[in-house]
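Residue numbers (the working numbering), protein chains in the order written: chain A, 24 to 482; chain B, 1197 to 1491; chain C, 106 to 414.
Hints are not guaranteed to be accurate.
[As the list claims (entries may be wrong)] Straight-line Cα separation of at most 30 Å, DSBU-like style, residue types lysine-lysine; simulated pairs:
1) C:K321 - C:K266
2) A:K246 - A:K77
3) C:K266 - A:K246
4) C:K266 - A:K282
5) B:K1266 - C:K266
6) C:K266 - C:K404
Just so you know, these hints were derived from the structure itself, not from any lab.
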Amino acid sequence: MSEQEKVQGKQLSRRDMLKMLGGSAAGISLAKVAGLGGSAAALLRGMPAGAQSKVEIWTGFGQGRMADAMQGAIDNFAAENSEYAPEHIIVPWGEIHDRVIAATAAGSPPDAYRGWSWIVGDAAIGALTNLQPYVDAADVDLDDFWPATLGQMKYQGDVHAMSISTIVQFLYYNKDRMREIGLDPESPPTTIAELDEIGAALDEVDDDGTINRLGFAPTVPAKQTWDWGSAFGSQYWDEAEANIAVDEEAMIALLEWYKAYADRFGAENLQAYANTYGGNSFGRNTPQGIYYTGLVTMWVRGSWAYNDMGEYGPDVDFGVAPMPQRASADDATPGTSNGNMYFVPANCVNPDGGFAFANYMSSSPFVAINKALPDSVMPSRQSLATLPEVDQKEGGWTILARDEILPNTQPQPSFGGAGFFGGALNEGIDNVMFNDADPATVLADAVSRSRREVERLRG
Amino acid sequence: MAALQNAAARRDMTREERRYFLRRRLNSLLTHTVLIFFGISFMLPFVWMVSSSLKPNIDIFELPVRLLPKTLRLENYIDATNAIPFWQYLWNSTYYTIFATIGSVLSNTFIAYGFARVRWRGRNVLFIIVIATMMLPFQVRMIPLYILFARMGWLNSFLPLIVPNFFGNAFYIFLMRQFMMTLPRELDDAARIDGASEWGIFWRIAVPLSKPAILTVAIFEIIHTWHDFVGPLVYLRHPTKYTLSIGLRLYFTQYGAEWGLLMAAAAMFTIPMVIFFFVAQRSFIEGITLTGLKG
Amino acid sequence: MLNMLGLKRDPAKKPNSWRTDNLPAWGLFFVFPWIIGFIAFTVYPFFASLYFSFTNFNIINFTPRWVGLDNYIELFTADPLFWTSISNSIRYTALLLVAVTIFDIFIAYLLSLDVKFLSIYRTIFFFPVLVPVVAASLTWIWILNPRFGLMNGVLDLFGIKGPNWLASPDTAMYSIILIAVWGSGRQVIVYLSGFNDIPRQLYEAADIDGATGWQKFYRITLPLLSPQIFFNVVTLIIFSLQSFSEVYIMTQGGPANSTLLYAVNLYNRAFRDYAMGYASALAWIMFLLILGLTLIIFKFLSGRVIYER
């Protein structure tokens, strides 16, 4: 509600209101009072030439050091681009995509928003502005991006997103806990078998099944299905067929692996353990989170969780390593890579401003140093990822991510329907873990449903 | 009854009578025991909500579970209002509630009068249609209305949530009609003889006499809009327009483990309803009784 | 049904004594806002939704493409979630109906026994209705937390190891029903008013005839409470088949789809997967289901409802 509308609301006396609202004309009068229609908002935004134009930006950076870093980047953008007046609106990560899509349908999306590579698939339903003309006009050096990330930025050959940073997955492990049971903290597991073995040695479970401490479980805090599927040696897409295709042997092995964990702990005990500490948000922003208190010894998350450790668990001695992989699989990779992207939704008011912001975020050294690195993610442009500040980063995570993991990863799926496919696979894993469903059947079902969805989205 | 139980009366009682009273007292004891048991069970969630809202996060994850906080941390309430744009969401919820209630009260009183007090051909057929619309689930309307509102450019505002209230609601129409039917018809006739128009009868007679029903509709609508989750979820698309319902859930998806803050926010969301209930308690109970209408 | 709506005509009056001494104009004048709203917010969506259900389109691109019966065929033959969600919803509705009806009649009965502190008890049982669904759902997630929640904390006092509640497919549905029973205070009040309307003399007369407690309940209470039961049962069925918010907030249909209610699946298809045509087909099946069930209830129960006292 703008200031102006509030004043209008106050000036109306109760009697005026009643008079005005009488009968069926009320709806129309109310529309005037509320005065919030999309067209009105668009009018307000459509400033005369020469003046600053508003750029509405949605991100999920609402708290702590990342909110500060985001604000810093926005301020710097405004300082360097006086023609634009950025306005930052915070929408929690879990909802941002749904909200933007709906706002796009409603004809009032933001001019730019922060999301992930799989959202590029939205180009299939026409939800994104094609950025290729903008990229051409601005003469952006696309070859500077990591090849995997550039692939994710494109839909049918055209750029539809500007990537600011590229995420790879780390295996995080608590060195103190490993020392406690006499393991060498400098040799974390490299294969799935080792991971299972070391994890089992660290579990503390009551006779009634209550988990007190966990060595490792693939569903805590989240399934990370794309990453483990890659670590088991599967791909997800067949370019020739232009549809979903997986390595069945690898995926069935993956499902059986999840099931083995369900058999060992009880699927519901694992679920209860994860729920206790905040489900998918896994207490990331609180010192009581399971990773900061030693309740879980090994876990897989994006590199972005690295700096959380320093902020919320400063006393924990932890290490990072590439994701363990299945020894028998030739095509196994240390998880997937995933671009953090800025998108310009279709039908937004100020696509020029939206692109200017997205391009700024992906290309500015200031942002790389003051935003990407505090978020513990690798800049997506090679020229920025090789700055001295990156090499000098403490803990060596930047080198690990850039030189050891990223070149070996498989890009996370970003085709139209990738989100649906991921959901169907997760549903299948649940079904195997909780209901003892047959992995092969579950996989076949998820794949066939998702293939249909890919075709549906294609229209 | 108390008089019957005094000592003098007891002396005169036969054995059967004594047994009868003993049984009654036992029954009454049993009744209260059961009611107190369930009553406490029903209140415990509130106690838990408030007590958790006062606990520091470190005490939240502590075993054995404590019903009451060991140390009080009132700052949870301040932190909760800072973690999300709480005051803005509160204002949005209030705004939505006020206008939706105005709309419901005006339109349903007006419409119900047409069904209850004016005689005209086709009235009953139309009224059956009104009742039948209650059976049409929200989900059937959700998608076409979403598209309609999107095309009208309304999805950035509260209009999709508020405007339909100005066109009546089957349940409220039904409720008010039933009430208005019970008003004595002689009043209308007398007014008509005095030359009052149909509008005059509505405004001077039906509206003042229907106050209890109007109040009931207002109360129901206030609760409904304050609680409403689906409507805002589907139709409110801009973060600055979120109501507390949406805002609180988003907060949960983001900060799932901060139970102290979450419970503080939940308590602040609930308190206005509790105050409202105690202010309007009698109308509340009467209103609900009114809906369980007979014949 | 006509009786319930108060439309039954007075048999003493002849049908043609129904005077139209006022022009229909006045009636239409008052009912006019409803007619507008009916066309815009009911008739249009009703038919639009039917049309959409035979098409395929997404949320951004509003041009529906005709696909005939494809959506319906897929729904019945190739969508396991359709069957899961429909059976979940029916199970939820049936269990909730039984639980709420028995529990609320029981509580209302106790409250009708001239108990002291009636208004306090009544307030307590009504209180949960005041808690906004989001606030209540979040509170319950925390209460039912298997490790640090109040529920298992209390069970622990009695040496019972509580279940995993919302985290287990075996108990998640029951947890949701438990919460719904907690929030059913409105029904208690309605039943209480029903109990209070039953004339005391009937019981006294039955006492003289030597009727047992069960006989009194079966012969007097149940028939005279039938309008309230009827009302509550019908509204409960309609509402619980559409139930969405609690589940959407608490479990999103999990774990392993054990609480995936029909309305949640429908919402996901429409606003998560953007399959608007498909979701419209789902909505229509839901409508037919509700219509069918309501008609069955009307046929089955309305003959047994006693309105005259």
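* Keeping to a limit of 30 Å between CA atoms, is the pair of K266 of chain C and K246 of chain A held or broken? -> Holds, because 28 Å separates the two Cα atoms, which is no more than 30 Å.
* Is the hinted pair K266 of chain C and K282 of chain A satisfied, with a Cα-Cα distance of at most 30 Å? -> holds, 25 Å
* To do: Take the C-alpha atoms of K266 of chain C and K404 of chain C, compute the straight-line distance between them, and say whether it is at most 30 Å.
  => Given pair K266 of chain C, K404 of chain C is violated - Cα atoms ~45 Å apart, limit 30 Å.
* Straight-line Cα separation of K321 of chain C and K266 of chain C no greater than 30 Å? -> With Cα atoms ~41 Å apart, K321 of chain C and K266 of chain C exceed 30 Å; violated.
* **Straight-line alpha-carbon gap K246 of chain A to K77 of chain A, limit 30 Å** => violated, 39 Å
* With a cut-off of 30 Å on the C-alpha distance, tell me whether K1266 of chain B and K266 of chain C pass. => Status holds; Cα separation ~24 Å.
The earlier numbered hints that this structure contradicts are 1, 2, 6.
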